[in-house]
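Protein chains in written order, with our numbering: chain A, 47 to 295; chain B, 140 to 739.
In case anyone wonders, no lab produced these hints; they're calculated from the structure.
For each residue, glycine too, the CB sits at the ideal point set by N, CA and C.
Worth double-checking, as some hints may not be accurate.
With a straight-line cut-off of 25 Å between C-alpha atoms, the simulated DMTMM-like cross-links for lysine to aspartate or glutamate are [claimed, not checked]: (1) B:K671 with A:E146; (2) B:K662 with A:E272; (3) B:K488 with B:E467; (4) B:K662 with A:E217; (5) A:K125 with B:E734; (6) A:K268 with A:E217; (7) B:K662 with A:E65; (8) B:K662 with A:D251; (9) A:K72 with A:D54; (10) B:K662 with A:D141; (11) B:K662 with A:D173.
Okay, the calculated bits of chain A under chain B, using three or more residues with CB under 8 Å as the criterion [unchecked claim]: (12) 88 to 96; (13) 130 to 142; (14) 216 to 222.
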Amino acid sequence: MTNILKVDQVTKTYGKKHEQQYQALKGVNFSVAAGEFVAIMGASGSGKTTLLNLLSTLDQPTTGHILINGQDLSSLRAKQMADFRSQSIGFIFQDFNLLENLTNRQNIALPLTLRGISTNRIDPLIDELADKLDIKAILNKYPVAVSGGQKQRVAAARALIHRPAILLADEPTGALDSASAREMLDTMSLLNQRDHVTTLMVTHDPFSASFAKRILFIKDGKIGQEVNKGVKSRPAFYQELIAYLGTGE
Amino acid sequence: MLLQLALTGLKRRFKDYLVLFSGLIVASMVFYMFLALAVNPSFYRHNITIGAAYLSFIFGFGIVILSIITFIYLIYANSFLLSMRQHDYGMFLILGAKRGRISLLVILETVITGLLATCSGIILGLGFTGLVGKLLIGQLDLEIHHFQAFVPQAVLWTFVFFLVVFCLSALWNVQKLFRSRLLELLQEKQKPVKINQHPLWQIFEAIIGLVLLAIAYAAMNSLGSLLFISFFVGFFGVLLGSYFLFHSFFSVLITALLKRRSFAYRRLRLFTLGQLKFRLPAYTRILTMTSVLFALALGAITVGGRFHSMQREFSKSSYYAMLVTQHEPATKHQLAKLHAPVMPIYHYKVTPKGRYLNRAEFRRQPLRGIRFQPQNSQYHDSQYHAYTYPLREVTRLSGQPGYLLNQLVHSTGTTKMLSSSRYRRIRGKERWLQLIHVPDLVKDYQTIKQLAKLEAKAQPASKDLLTLFGLTNYQAGLGLTSGFQFMGLFLGIAFLTMLASTLMFKVLSAASDDRLRYRMLIKIGTREQLLKRSIHVELASLFILPAVLGMVDVLVGLNMFKSLITRPWQGIWLPFLLFAMLYAGYYVLTVKLYERSVLN
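Bound-form chain A, shown alone (with noise of 0.2 Å):
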């Protein structure tokens, strides 16, 4: 299968020469195939978030290249960055950063209207993608009217609507309860089973890691153990996380 992201000797440094340096990534290795659901897991400083702001361009390696789509990101100057942002990358965050000013469909659309998609094709897409979310009856609220729930699967369709090669979520259900929390893994399960979307999501928390088909363990800016879920069920694989958590390894 082809690799859809490869990250290849990553290091990330913070402070100036002769100032006090802080070493984040130590060297990351990994890669992430087509269609895959891959979760990157790790305690707070180890890392992750260092990792998820490298992937999605928001900042630069020190050392190594980071390729998505075959894409080195390293080559991209700052407009062809914001591009391949908006055409190649989709985001869910753990707070939704949906736009409060604007409708769920509103909010939906702004990919598509920066990439300039024809206005009369925008509404059929996110009409489409509502109906798999099964979104469609707040699409016209604002964000502020629905539930956390409802607010992270316009986040997903925002993340989605655009098609891009990669989904990165962080912390997708952080802000939401354990029913909601559950939904909307069942549904990136589905966009990933069904639809075949290309995801990775970076998480402190077993259970949603526990949807992933693979899992990165990042520990002290090193990517460490993997581990594969195989043909196990999702319960399965999750005693399974729980065991390896609990070794302290």
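Since the structure of chain A is provided, determine the placement of chain B on it from the hints.
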């Protein structure tokens, strides 16, 4: 511990405090500048020769308007101060501070911030008043007396007014704090944006706004029949009408644009319109104030400028600006400085029987006069036409040049105009005089003034005669209009300063909340160029809407000055252009500061 926390809070939001502080300073500075003129009666007693009663009313009314505007501004600034500190106060409560202690802290913070800003504002106001006054008087050659930058009553009243408002605000902040629950204080930032009211109600409000504006404009048009009532109806009608218009009319318009998908679904238009839709109702008070201040500033500058152009008319009312009867080196030096002058020299002889002129000289260089032709139109100046004075009229006493010559020659008996040969035969001492005409007296004003001084020194006897020339007419005009012109421009500049700071303050105080939205847009791949364009359009709308309304207010409001100035709309493009340039400068500054705040 509390002090340390308070200082940390201040450091964290230093930029916001800077915005708040500079806003308050400008408010007190402008308030002082206005009072420096308004409570200095000797200023307008000495400088305003017409309509003094009218003027004291205008100033009284001006103080009321400025107090209302400043009051709203301060209330807004204080709620901004409280919103910045709210979270910290909540933290203090969690740490175990008693509400009474926090209240004391709130009062102290509010009043100290206020007093510091007021004192700095008054000091700056003193400097700015002196500077603007000096510049205006110097640059425009105004005949202004009893103008002073330091007016003790103005200092006192500014101080008292601001102190009272800050004390009231402090009490208001305390009671708001007492009413709020701890969680509300801590989560103030997370409060969702309010969704607009019902569309039908919005349309109703929009109509009310338009009707109120129409009533206000009608009242301003009827100053003659309604007298001072038209000021009140005009002002409050404009104030409320603008309020409703901003609160609803523009929101209705933006909603309609958002519904037009073919328009809204392009690049970042959705976001820009969304920002504006939510901004306008929240900005209602500030936009209303801005449009009123815009009208006041532009109106003051226009009226001031109109007085200035009336001075030009005075400069055209005589053909000859000055005369000289000697060519001493200093006089020659000044004459050489004049721009394209016409300077005929006439010789004459005086005998006990009378005075004699050489006809040939008058044929060669005819005497000229000015004919005044009033215009009926409101839009054009009266015309001053130069014409050649008929030769036979020269020696008559009634005509202007004839009268002039008779006076100059200052002898009794008849004046005769002779042929060159007869003139040569007359025995008597020959003298000469040189009349000076310049195409633009205003341009050569300083030189002509010098010439008049030199002439009066060289010929003390003819000192009174010098008053018969254009220079004196022009100086009389200056005296008549300088006071109004000075006040108009001075207050215009003061209002413009406040206007810009008000809008800038509001925009920048919202920047920290807006930063999140722009960060989010950057994350989903919006080019910086697009974000900047969106900011430009959004802020331009916030600047242009009150400006357009303010301009309409001015155009209609100028009706009220018809009794003071002729054709108030004439040449209006000049102050409008100057004002537009200054205003555009403020817009660019605000955009740059805002961009730095939200995009970096």
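Hint by hint, here is what the structure shows:
The straight-line distance between the Cα atoms of K671 (chain B) and E146 (chain A) is roughly 20 Å, inside the 25 Å bound, and the hint therefore holds. This hinted pair does not check out: K662 (chain B) and E272 (chain A) have alpha carbons roughly 29 Å apart, beyond 25 Å. Our distance criterion of 25 Å between C-alpha atoms is met by K488 (chain B) and E467 (chain B), whose separation comes to about 21 Å. Taken as a hint, the K662 (chain B) and E217 (chain A) pair is honoured in the structure, with Cα atoms around 16 Å apart against an allowance of 25 Å.
Restraint check for K125 (chain A) and E734 (chain B): the C-alpha separation of about 18 Å stays at or below 25 Å, so the hint holds. Between the alpha carbons of K268 (chain A) and E217 (chain A) the distance comes to roughly 19 Å, so the proposed pair stays at or under 25 Å and holds. Of the pairs offered as hints, the one joining K662 (chain B) and E65 (chain A) is violated, with about 30 Å between alpha carbons and a cut-off of 25 Å exceeded. Distance check on the hinted pair: K662 (chain B) and D251 (chain A) sit about 24 Å apart at the alpha-carbon level, within 25 Å; holds.
For the hint linking K72 (chain A) to D54 (chain A), the alpha-carbon distance of about 11 Å falls within 25 Å, and the restraint holds. With a C-alpha separation of about 14 Å, the suggested pairing of K662 (chain B) with D141 (chain A) holds against the 25 Å cut-off. Restraint check for K662 (chain B) and D173 (chain A): the C-alpha separation of about 24 Å stays at or below 25 Å, so the hint holds. Here the region 88 to 96 of chain A counts 0 residues with a CB under 8 Å from a CB of chain B, which misses the bar of 3, and the coverage is violated.
Counting residues of the region 130 to 142 of chain A whose beta carbon lies closer than 8 Å to any beta carbon of chain B gives 7, which reaches the threshold of three, so the coverage claim holds. Counting residues of the region 216 to 222 of chain A whose CB lies closer than 8 Å to any CB of chain B gives 0, which falls below the minimum of 3, so the coverage claim is violated.
Of the hints listed earlier, those the structure fails to meet are numbers 2, 7, 12, 14, in rising order.
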